[in-house]
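Enquirer: Using the sequences and the accompanying hints, generate a full structural model.
Residue numbers (numbering that gives the first Met the number 0), protein chains in the order written: chain A, 0 to 633; chain B, 0 to 633.
Just to be clear, a hint being listed does not mean it is correct.
Identical copies carry no separate label here, and so any pair may be met within one copy or between two of them.
Only pairs whose alpha carbons sit at most 30 angstroms apart, straight line, appear in this in silico DSS-like list of lysine-lysine [claimed, not checked]:
| id | residue 1 | residue 2 |
| --- | --- | --- |
| 1 | K529 | K586 |
| 2 | K99 | K19 |
| 3 | K522 | K586 |
| 4 | K582 | K465 |
| 5 | K470 | K489 |
| 6 | K350 | K9 |
| 7 | K197 | K470 |
| 8 | K9 | K374 |
| 9 | K298 | K529 |
Just so you know, the hints here were simulated from the structure itself, not pulled from any lab data.
Number of protein chains: 2
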Amino acid sequence: MKRQRQLNVKNYRSGGFIGKYQRLVKDTVIPYQYDVLCDKAEGAEKSHVIRNFENAAKALRKEDAGDGFYGMVFQDSDAAKWIEAAAYSLACFSDGELEKTVDTLIEKIAAAQDDDGYLNTRFTVTDRDKRWTNLLEGHELYCAGHMAEAACAYYEVTGKRRLLDVMLKNVEHIYRHFITEGREGYPGHPEIELALLKLYRTSGDERCLELARHFIDRRGVDAEFFKKERERRNWTVWGNNGEDGDYQQSGRPVREQSDATGHAVRAVYLYTGMADLAGETGDVELHDACVRLWDSMTKRRMYITGGIGSTVRGEAFSVDYDLPSDTAYAESCASVGLIFFASRMLEYEVKGEYADVMERAFYNTVLAGMQLDGKRFFYVNPLEVDPGISGISPDKRHDLPQRPGWYACACCPPNIARLISSFGRYAYGESGDTAYCHMYADGEVTFDNGVRLICRTGYPYSFEIKYTVVKGGRLAIRIAGWSESCRLEKNGAELSEKLSDGYVYLGVNDGDELVLTLDGTPKLYYPSVKIPSLTGMAAVCRGPLVYCFEGVDNGGDVRSLSIDADGDITVQGEDGSLGGAVKLAVKAIRTEDGDELYSSRAPQRNGCAAVAVPYYTWGNRGENQMRVWLPLKI
Amino acid sequence: MKRQRQLNVKNYRSGGFIGKYQRLVKDTVIPYQYDVLCDKAEGAEKSHVIRNFENAAKALRKEDAGDGFYGMVFQDSDAAKWIEAAAYSLACFSDGELEKTVDTLIEKIAAAQDDDGYLNTRFTVTDRDKRWTNLLEGHELYCAGHMAEAACAYYEVTGKRRLLDVMLKNVEHIYRHFITEGREGYPGHPEIELALLKLYRTSGDERCLELARHFIDRRGVDAEFFKKERERRNWTVWGNNGEDGDYQQSGRPVREQSDATGHAVRAVYLYTGMADLAGETGDVELHDACVRLWDSMTKRRMYITGGIGSTVRGEAFSVDYDLPSDTAYAESCASVGLIFFASRMLEYEVKGEYADVMERAFYNTVLAGMQLDGKRFFYVNPLEVDPGISGISPDKRHDLPQRPGWYACACCPPNIARLISSFGRYAYGESGDTAYCHMYADGEVTFDNGVRLICRTGYPYSFEIKYTVVKGGRLAIRIAGWSESCRLEKNGAELSEKLSDGYVYLGVNDGDELVLTLDGTPKLYYPSVKIPSLTGMAAVCRGPLVYCFEGVDNGGDVRSLSIDADGDITVQGEDGSLGGAVKLAVKAIRTEDGDELYSSRAPQRNGCAAVAVPYYTWGNRGENQMRVWLPLKI
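Expert: Written out as structure tokens, the structure reads:
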């Protein structure tokens, strides 16, 4: 059987909750981010991204490179991610103006490409002799990867080859350097591996596959490669001495790795490439490594919100069960990458747990990364903030109680934009004659195998999902792991199909109406007792949404609240202030004490109704206390 | 009325619990630490302390300085603190051998003093031209302070002036540099202020008082002093750029400070000097600042164990109520310094809260700093450890589950030794005709005002304290703040004296027998709801002792335990394995869950009896889980 593959992004036309988000990305996020790239956005930190390409082109023409290069060593990738997001958005909404803007930017990028195919403004504007000498920190392969992803996306959506050809020429250059000329090395920050696999499928160029396999296979074979590279050169970007192989997942060959370690974004980008390569080539050993890493990450090192990488030190994974709420890092980009990884694992093997994690990460950490108005963003996604401590305490400076605007290191905002705009490829998939519904997403879907569906649902706030079959075939519908029960009807009659690894498989004919009803009862969630920071606590979830408690709904203080395990959780009406989010009322207890730091006098405790809101909506109503986990009165 | 003053250290001959600890310091800690100073202790990190003095003497004689200087810039202070501890120990136990060893060491120190009075091996062996150019990091005044304290202690106990004269000559040098020659500056690490006040009282030399006042008064007047100093020189010890004035309490004049900030040891050493100067000179404004800083520290920034300085970043105070258990720093030395500060505050104004904090810090953090056998030490005193996470997680590397041996930075072990050996001066005090009993300490006490007492008690494990009055007068006995009730009898008849700021004042005659009975019922303590990391939790205390739960007593796992608020806490027998410590049995609930990271299935909960041991005894029975605070089932 052909493996299940992501949907072509053009084949989903969204509605409902996802449609609103895709519209927000089109109307607000993409235009704003373009203004940032052009240094026209008010209040944003200097970006200089487009100027860097213009200046690189001048340098190539031996002209004065004007104000030179500015920004992070990976500044080019902001343009790449923006193009990719714009491409996906064009798949959702045609927009001649936006397409023209992208075309113009692509010409600037093309003009910045060296004759030999090299493309990176940082080492073109200056330091041409430093090309490829600092794979550990230089991010040249990382930037190439993002630009290759952008090229594939734009070609996939518009059929325009300009950027694709630029990147194929760039790959030729990279291939020559690492394969033909045999220079040892692989990226300090993985990304190009997954991009090369996309480029391989888009272009059919076998060198892309070979290069992806090369980078994956060589990684960690010499555990000291980066240390030796550091010793060979006399410059550094951030002073990484290459000693800690786990930080960039190069401490041992990838097939021997079992623990998700190091910088979380690097990890999930690498694992995504590994999982994709395993699927593409049927490499069982590589897939087994992916399964181990998946288990390490999702069964021992993941927040309930789908956040990963719990420590600010290195934006990295910590050890098993070290998942503090208040010092969490849980970078938005890491959860975007977790979705990539989950989707690739799902391609290899259709199992509900992959889609469950994908959904958990999307509806909680990824969406929380963006303000509801699309104008401000979180890098870091704590599960608790306390104004006066969070963002101020030396150990919690990174955990901000409010989303800032654009960052100097602008990786997360465009990452969120490209994911939302391409939601369809994660929500739906196909293999042979089977059409897969991995996530519930209102809209119209046309599968390449001919199946056509119209999905209507108010998900994630309604738990009834209706599929109208426009063109029949074989369907596989995921039953969310969080739903304790469900009902599936075809044309009014209940079906009794068995679950197979979290999916119901069934044949459908043109005109069939399917109604899936999931159990949307709000529930308490209990953390493993192995998570020290959460003992005695519980969280409230409904469907895929993790809820949290904010001061603004709870008399200003949520630190004094405990959940009453004996109480019901009731669904309140939609709240206009939170873009249609549904609030929950939770039976709770409020503790009131005196002013002593520690006291042997038992505090007063009074019953109350606490109000919870979806975690992704937090921080949209001013600075206030927020908690996902509350003590549980049993 | 003359202010209440600490007891002369020679006037207390201990017994009971304190006596055992003083004996341990004499028999084990002092000999071991001397071996370390001589680089003869097996397994200890290289110290080189005595060799540094020998090499400095050679350098002064223009001879080859052998293997030069080795160690931290404050390496000399290890010798000073050891001499001070040895001096106090000699007050408890005469020991001709030890006295000879100290005398020999003092000769080596004297030989390392420059003709101009300068004394510091780091800048004598080499870099003579760098003297006094880096007050921020150089620790010259810090080392001088510790050596002055040692000189006072050794003179006080033995009457020998050799080191005292060396240090008076050193003070002359410092006075000349900072006052006569008018060079601006004060120490980056306070310590000399409190030492100069001791030296003033010991020697009567007014320059000591003037110099102490100078350093205190100048501090922070130019908030950029250290930054400018940094800019003037082309070398640094640790790269402190002097920008963060709060780190060394120099961001504003000390009289204007209100929040306990920065490096905790620096803070408490400074505040001790300030409080002592305020008392010595009747400086009300300075005392008011001390009261504000005291309140900031003890009412908003202190662990229940009397630990202060909650963050590893800078070994520093964090913001109010930021008191995490698992990432705590709570350096042993900081609690030693807190006792110094408390004792000085008590000298200015006799209030039970100062003695309460002194006792809390001593019986919990200070004693926890040392293994029961006196051979290993904690710098960092977390309130929770989880083997597999603590000491390994990037955010918790400093929180070790076991006491290591001697450190390269060896400040804590001798600090604990000197405090234990001089316990009498903190436990007892006097003013005019009144004799003060601040802490309950078995032994014989002779006050300079003529009062003589014999105290007999099994405190902190018995709550009956008997005083036999050998020579009568006026007594002031503190009634511990933690005791909900108490009974005081004189010659068998209950007294009804009123409490005045936590003390009972009464006249006693020769031969009177007083019996104080405190309430030793074990109790739950509740944290303020303002401490985010402790919501929903409780701790168990008995008398001055904070208890904790260790895996070894609780089936290996304490993360799954909750305290049952409805249950009694019962006193168990003494445990031979913990040096006479008394265990408690606490009604508890154990949570047993499946293997899921997060689950909507409520876990099993079963009643059980949890065993608690005094916090100071933790980590003496191998690596295991430890928690002070447990979730509370209400």
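Enquirer: How would you classify K582 and K465 at a CA-CA limit of 30 angstroms: within, between, both, or neither?
Expert: Result: close within a single copy only, 24 angstroms intra versus 63 angstroms inter.
Enquirer: For K522 and K586, with the copy left unspecified, which applies at a CA distance of at most 30 angstroms: within, between, both, or neither?
Expert: both (12 angstroms within a copy, 29 angstroms between copies)
Enquirer: Between K9 and K374, at a C-alpha cutoff of 30 angstroms, which is it: within one copy, between copies, both, or neither?
Expert: within (26 angstroms within a copy, 70 angstroms between copies)
Enquirer: Under a CA distance limit of 30 angstroms, which applies to K350 and K9: within one copy, between copies, both, or neither?
Expert: within (25 angstroms within a copy, 76 angstroms between copies)
Enquirer: Is it within, between, both or neither when you check K197 against K470 at 30 angstroms Cα-Cα?
Expert: For K197 and K470, the Cα distance is within 30 angstroms only inside one copy (29 angstroms; across copies 93 angstroms).
Enquirer: Could you place K298 and K529 in one of the four classes (within, between, both, neither) given a Cα distance threshold of 30 angstroms?
Expert: Cα proximity of K298 and K529: one copy only (12 angstroms, versus 32 angstroms across).
Enquirer: Between copies, within a copy, both or neither: which fits K529 and K586 at Cα up to 30 angstroms?
Expert: For K529 and K586, the Cα distance is within 30 angstroms both inside one copy (26 angstroms) and across copies (21 angstroms).
Enquirer: How do K470 and K489 come out at 30 angstroms by Cα distance, when the copy is not named: within, between, both, or neither?
Expert: within (15 angstroms within a copy, 99 angstroms between copies)
Enquirer: Can you tell me if K99 and K19 fall within 30 angstroms by alpha carbon in one copy, between copies, both or neither?
Expert: within (24 angstroms within a copy, 85 angstroms between copies)
This entry satisfies every hint, going by the numbered hints stated previously.
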